[in-house]
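In case you want the letters, here they are:
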Amino acid sequence: MCWIEYQVLQLLGEDKAVQLHAVEESFTGTLSDKIINSSMVMLAILIGLLTILTWHFTRIYTTKSLNSLAYGLRNELLQRPISRMWNIINSTTEITTAQLKLSEYVFRRYNKPATQAEQVELYEVMRDITWALFASRKALNAITINYKNGFVQAFHRDHRSNNTFYIYSDLTNYSISAGGSNEINLLSSHQSWKDQSIHGNISAIWYQEPLDPVTGEKIGKAKPIPPDDLIKIAGLSQVPDGVASWHVAVSKYTDSPLLSAALPVWDPSNESIVAVVGVTTALYSVGQLMKELVEVHSGHIYLTSKEGYLLATSTNAPLLTNTTKGPKLMMAVDSEEKVIKMGARWLQGAYGNNFSQRHEIHAENARLGQEQYFIDSFFLKLKRLPLVGVIIIPRKNIMGKVDERAFKTLVILISASLCILFIGCICIFILTNGVSKEMKLRAELISHLDARRRAEASSNYKSQFLANMSHELRTPMAAVIGLLDILISDDCLTNEQFSTVTQIRKCSTALLRLLNNILDLSKVESGKLVLEETEFDLGRELEGLVDMFSVQCINHNVETVLDLSDNMPKIVRGDSARVVQIFANLISNSLKFTTSGHIIIRGWCENSNSSFDIGKFPLNQKKSRPAHKTKLKEQGSHTKKACKQDNRMTLRFEVDDTGCGIDPSKWESVFESFEQADPSTTRTHGGTGLGLCIVRTLVNKMGGEIKVAKKDGPGTLMQLYLLLTTPVDGTEQHCQVDFSKQNLVVLLALRGRMGRLIMSQWLHKIGLFTVEASEWNELTQILRELFRIRSSVYNNGFDAQFSLSEPLSTKVMNIKDMRNPAFIILVDIGLLDLSTDIWKEQLNFLDSYFGKARFAWMLSHDTPNAIKMELRRKGHMLMVNMPLYKEKMIHILEAVIKERNLEGQKKSSNTLRTTKEGDLHEYLEIDATQFDVASSDDSDISEIGSSNSVSGSQTGEKRRERLRKPGSSGYQAINNCLVELTRVYSEENYSTERDPCHVRLNSHDVQNEEPKCCTRASLSSEAQSESSEQHLVISCPTAQGNIYSSKAANEQKSLEGVRILLAEDNPVLQRVASIMLEKLGATVFAVGDGLQAVDALNCILGAEDCIRESIFEDRNTRTQTEIKDFPSYDLILMDCQMPKMDGYEATEIIRKSEAGTGLHIPIVALTAHAMSSDEAKCLEVGMDAYLTKPIDYKLMVSTILSLTKRTA
Amino acid sequence: MLGLGADRLWADMNRLLALLFHQGVLDEQFVQLQQLQDESSPNFVCEVVTIYFHESEKLLKNLRGLLMEREFSDYKKMGIHLNQFMGSSSSIGAKRVRNVCVAFRAASEQNNRAGCLRALELLEHEYCYLKNKLHELFHIEQQRLLAAGVRYPMQN
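For the record, the sequence lines run as chains G and F.
Letter 606 of the first sequence, counting from 1, is numbered 606 in UniProt numbering, and no numbers are missing.
Letter 47 of the second sequence, counting from 1, is numbered 47 in UniProt numbering, and no numbers are missing.
Hints in this document: simulated from the structure, not taken from any laboratory.
Here the structure is a predicted model, which means the values were calculated and not measured.
Keep in mind that the hints are not guaranteed to be accurate.
As the list claims (entries may be wrong) - Below are the DSS-like pairs computed for lysine-lysine, each with C-alpha atoms no more than 30 Å apart in a straight line:
1) F:58 to G:1140
2) F:76 to G:1177
3) G:437 to G:34
4) F:77 to G:1140
5) G:741 to G:711
6) G:666 to G:570
7) G:765 to G:666
8) G:306 to G:223
9) F:133 to G:1140
10) G:765 to G:711
11) G:710 to G:741
12) F:61 to F:133
13) F:58 to G:462
14) F:61 to G:462
15) G:101 to G:138
16) G:1177 to F:77
17) F:77 to G:1194
18) G:874 to G:898
19) G:1140 to F:61
20) G:592 to G:707
21) G:840 to G:852
22) F:76 to G:1194
23) G:101 to G:401
24) G:437 to G:592
25) G:710 to G:462
26) G:306 to G:291
27) G:666 to G:707
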């Protein structure tokens, strides 16, 4: 079920993770692309905009200002020829007007000339006036006067030849009478004037006189010319309505058009026209000006008449066309100058024929031919002669530079922007590349985190799984063990069955241990293993271990030797269970691969640098202390402090075996999980390969190292060191008896070579003489030798038929020299021949030395009872179990010395001696087995983490206690309990005295409870041997023999008098727990939830203030035991999950209420959750310990005891 | 009768217990419980188990009620019930019931209603089985006690 659940969880987890991953991937992929794209587009747009704007502004503003400038220029350009034109026209008008006025004046003067002479005079005057005017105006082409009678006077200036002529008609042709007719036909004068003049003109002969242009003197002869040949004389026809008229004329002799004006001269009465005055001006000068202007500014300018005839251009192209009828004005469209022609056409095309009607035209982009031009036209309004001026300027001239600049700027801008774009793109690319790289890294990181999370989750699942599995695996095992216990407790088993079942039970325990190993490993690997710090006796633990393994060793024919140096600290702080586990694994490993030979566990202490001084203490304490003290003083307080803190020891160990050894290449890998040096070993030796791995992790955890070291002989040498602290007071070496002065001689008759060797070396070191023997024959030989010599005083002639080897004999000789030596003979039971009955003979032989030496027997675990009985019968009371180590040896020596001293005091009391020996013997055996119990306890307890520290110290304490009072332990313990009980009660008196209200209530309890307690106590103490056995089966299923009985009985009532408040909501658990506790002698008060628990406690706290005495008086006689029952609790068992108020909350409240009082009621948590986090929470809220459901009997007892003892 | 019967019944009881252990219905906690029973509390196991049955039936009823609700959502309350059930089951050593409770709780933690229903079925089944077997056990025990009462005190 759990497995499936686990898988489902895992699947769920994976699914989620996959989704997450996909999202991440798409997220990062699109994001980086998007960023690149969008940023590039943005950049492009930005740069484009910038470029366009820059270009636009520079261009538009320049163009605009230039345009306005250009417009001004063109205007100016055009204005000037126009003003010149205007000038010309004006001057012409002025002249004409002047002429007119003068003529009128003259005519008034000579009104109605009557005679020819007067007529001639008039003409003369007119000629002079006219000349004056003509001479004053150099620009004038001609001035003409046409009289009514047809007479013509004219001055003409030929600009080409620079000649001036006077033209006049023949005077004779004109009579004065004509004037008369004029007067007659006033109304029709026009008609007659005209006809006459036409006629007259045709018939008239004109004369041309060259004149001096400056003076007007006649310089040549007059020559007749046909009328109207040279110049056109303005006649009446030009002034049809009697007002001034303008027109453009052409003449044969000039290639430029002429501007002629005509005005009629009225007679003074203003009734008729007497003459017509005409002024002709060449437009040549306008053309000149235009040319000049154009030379400076380039381009073309032309003037046309309203109809489109060219009047003046800035070019040299002819303005007139020669036709058969003489020169004629040319249309601008037909001009020979290409530009003018095209311009005129363009204007015509764009604005039609009557474009001149519109005042001004400004065209900026007229395309003429290949080039662009500005075309502007101006309209000049003159009466009867409207003029149009057109100016054509190539755009290039004005805007050329600007356009070029604009183009260049554009090109530069575009190229610059392209460059920027390119660089920007590269930048963006690089940038985004970095960003995307970072993104990728981030994505990777996220996925890594995810992976880590998953890994953590899976390891979480794993640990959960393991926790579940541990339960799943342990439960069947526990069931098996429980069933076996049932079987064992069944009386109807035969002996054989019983032993088999016991064997099965052992095996199951081993299997359980293996499971624990696996779980340990996983615990260590997941980092959850916490090493506890308790004081323990390392030497004793190792001895116990060797004891345990020696049983196996003997089966294997392997010798186990424990060789601890004397400088090993006795008490160290550390995790005893784990240390033992290390060595157990190492030894069992060695044992597995060693078929014959020996396994030596060596241990010595190596002081770490920081505590070098301190380390010396145990060795030569007394001597060095004064010196050391002074040294300390010199060094100051700093070192003192350091010394106190840093009493860390490096303890080095070697486990040396003579097994098959490990290949050097595998020296490292054997410490890996599931790794064995040779795959075949699993087949031959079994095992999982977990042991060494656990060892290494544990050793590393204790700050040490382990490695396989090189060894000379066959086998393996494991070297390891551990860093353990030694308590400051624990460094005190137990006071050893100085054996060297006791004149002891030890004969080691042991089969195991190594053990013997090491033991004899050590004995030598402490100043004892040793003789070694390895077999029976040697023993007998030495014995004979020794005691022969002794007795040789009496029996000199005895000859030794056995010859001793040289070193042995010298030893014997040395011993001979000693005064009054005491012999101790250590005999290995294996030296006796047990296969036959010879051993009895051998014993008998040894009996002969009984008085001379003390015998100590080394028994092995399978020594038959018969031999033991026999030995006991013969008075050999000093028996120890097989592996011989220092502690045992010391015990033996001490026993012997004590006995000798006793003997010295009262030589007669033989019986006493035997009882003493009996005590000692028992003591030794108890000691050995006691360890077993302790170790099994430890191994059980070690699964539950920190709480075992309590029990560890507990057992240790108990053991020590036991050591102090061997023998009557059972009674003693009960007595202790009773003593304690009464003491507590008497203490209670004080408080109960003051609470009148509660005593009555509790007195029932008192009465009910007390007799029960008493009877139970007495019962158990009286019928101890019986009930203890029964209890043993119940409470401590692992126990197998009588030896345990006293301990079990002790434990059975170990909670006598302890008052426990049980807060538990579950009625079943409540009942079970209370019964359990009551069985142990505790008084239990059960409450249903946390609130009640708090209330119950508050009652006491409040009650302490009350005073009550009266009731106390009533029961004065029995106070000591009876008024015990005011419920001040020694301990609270608190369920964690309860209705109304849970355990955590209740604990917090209790702790808070205690805060001022200095009280501290131990609170033990009870919880169904066996996870370490719950434990942490429990301890955090102020609970003192932690028990899991279902309640483990032993653990609970030890926990409660440790807590209550601490407070008591 | 006379003494022999008691031994037979004792053997029967052991056999039944062994069977229950083999099936995994009970675990060592039950043995501990039995060990707690002595002269001072002769009917302790029976008493505790009766409390357990009483308590469990209430819890089962509650659980079924909770699960049968139409709009069922109170998984937390169910978890509390289950924790209680688990606690009491494990303290009398009813291992299989406890295991089913564990599964049940897992289902309820995942808000898996179908799983919860299945687990409830299973739980009821296991509970009935346990109840029957324990009743049988107590029955034998009673008989044994009756038979043992026949014995003469000197036999002890």
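Consistency of the hints with the structure:
Among the hinted pairs, residue 58 of chain F with residue 1140 of chain G is consistent with the structure: their alpha-carbon atoms are about 19 Å apart, no more than 30 Å. A threshold of 30 Å between alpha carbons decides the hint, and for residue 76 of chain F with residue 1177 of chain G the separation of about 21 Å falls inside it, so the pair holds. For the proposed pair residue 437 of chain G and residue 34 of chain G, the alpha carbon gap of about 14 Å is at most 30 Å, so the pair holds. For the proposed pair residue 77 of chain F and residue 1140 of chain G, the alpha carbon gap of about 14 Å is at most 30 Å, so the pair holds.
Between residue 741 of chain G and residue 711 of chain G the alpha-carbon distance is near 38 Å, which puts this suggested pair outside the 30 Å criterion. For the proposed pair residue 666 of chain G and residue 570 of chain G, the alpha carbon gap of about 35 Å is over 30 Å, so the pair is violated. Under the criterion of a C-alpha separation no larger than 30 Å, the hint pairing residue 765 of chain G with residue 666 of chain G is inconsistent with the structure, at around 38 Å. The hinted pair formed by residue 306 of chain G and residue 223 of chain G fails the criterion: a straight-line CA distance of about 39 Å is larger than 30 Å.
Our distance criterion of 30 Å between C-alpha atoms is broken by residue 133 of chain F and residue 1140 of chain G, whose separation comes to about 35 Å. About 26 Å separates the Cα atoms of residue 765 of chain G and residue 711 of chain G, which keeps this hinted pair within 30 Å; it holds. Using a Cα cut-off of 30 Å, the hinted pair residue 710 of chain G and residue 741 of chain G is violated, with the two alpha carbons roughly 40 Å apart. Proximity of residue 61 of chain F to residue 133 of chain F is assessed by CA-CA distance (about 21 Å); at most 30 Å being required, the pair is judged to hold.
Taking the CA atoms of residue 58 of chain F and residue 462 of chain G, the gap is about 35 Å. The hint is violated against a cut of 30 Å. A hinted pair counts as satisfied when its Cα atoms are at most 30 Å apart, and residue 61 of chain F with residue 462 of chain G does not qualify at roughly 35 Å. As the CA atoms of residue 101 of chain G and residue 138 of chain G are separated by approximately 20 Å, the hinted pair is consistent with the 30 Å bound. For the hint linking residue 1177 of chain G to residue 77 of chain F, the alpha-carbon distance of about 22 Å falls within 30 Å, and the restraint holds.
Between residue 77 of chain F and residue 1194 of chain G, the direct Cα distance comes to roughly 34 Å. Violation of the 30 Å bound is thereby established for this hinted pair. Our distance criterion of 30 Å between C-alpha atoms is met by residue 874 of chain G and residue 898 of chain G, whose separation comes to about 20 Å. With a CA separation close to 21 Å, the supplied pair residue 1140 of chain G and residue 61 of chain F stays within the 30 Å bound. Straight-line distance between C-alpha atoms of residue 592 of chain G and residue 707 of chain G comes to about 18 Å, which keeps the hinted pair within the 30 Å bound.
For the proposed pair residue 840 of chain G and residue 852 of chain G, the alpha carbon gap of about 20 Å is at most 30 Å, so the pair holds. As the CA atoms of residue 76 of chain F and residue 1194 of chain G are separated by approximately 34 Å, the hinted pair breaks the 30 Å bound. Between residue 101 of chain G and residue 401 of chain G the CA atoms are separated by roughly 56 Å; this puts the pair beyond 30 Å, and the hint is violated. A hinted pair counts as satisfied when its Cα atoms are at most 30 Å apart, and residue 437 of chain G with residue 592 of chain G does not qualify at roughly 58 Å.
Taking the CA atoms of residue 710 of chain G and residue 462 of chain G, the gap is near 39 Å; set against the 30 Å cutoff, the hint is violated. Proximity of residue 306 of chain G to residue 291 of chain G is assessed by CA-CA distance (about 22 Å); at most 30 Å being required, the pair is judged to hold. For the suggested pair residue 666 of chain G and residue 707 of chain G, the alpha carbons sit about 11 Å apart, so the restraint of at most 30 Å is met.
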